[in-house]
Amino acid sequence: MGPLLFCLTIHPIISRLTCPLNVWYLDDDTIRGTLTQVLSDFSTIKEESQKIGLEVNKVKSEMFCQNVVDIQELDEGLKVLKRQLSLPARRSFNRKQH
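Here this note's numbering is used: position 71 in the sequence shown is 71, and no number is missing along the way.
A couple of the hints might just be wrong.
Listed next, the in silico EDC-like pairs over lysine to aspartate or glutamate satisfying Cα-Cα at most 16 Å (straight line) [said to hold, decoys possible]:
no.	residue 1	residue 2
1	Lys46	Asp27
2	Lys60	Asp29
3	Lys46	Asp28
4	Lys46	Glu62
5	Lys58	Asp29
6	Lys58	Asp27
7	Lys58	Asp28
8	Lys51	Glu62
9	Lys60	Asp27
10	Lys58	Glu47
11	Lys60	Asp28
To be clear, the hints were calculated from the coordinates, so they are not data collected in a lab.
Using the sequences plus the hints, can you model the full thing?
Printed below as a string of structure tokens:
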């Protein structure tokens, strides 16, 4: 019954998030969107959780930023995984003629 009550308790918070990707399994979540959306949703999660006696564990929290140069707005203590991603060059393959 505990996990069900937890899910029912945090559902109103989850429903307010704006990121296009918003996936949860109990207290583990993945949100994805623009940096502005993610920071806004993270702030909402923190503030609304505190109102019901919960807090975000920053030690376990990670944020991955792709192609972002300046991320001054992040909370202190939040682990930022920053990496430029590049795809391998396209290769074209020719069918071998028999």
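Against the structure, the hints:
no.	hint	in the structure
1	Lys46 x Asp27	holds, 13 Å
2	Lys60 x Asp29	holds, 11 Å
3	Lys46 x Asp28	holds, 14 Å
4	Lys46 x Glu62	holds, 14 Å
5	Lys58 x Asp29	holds, 13 Å
6	Lys58 x Asp27	holds, 13 Å
7	Lys58 x Asp28	holds, 12 Å
8	Lys51 x Glu62	violated, 22 Å
9	Lys60 x Asp27	holds, 11 Å
10	Lys58 x Glu47	holds, 14 Å
11	Lys60 x Asp28	holds, 10 Å
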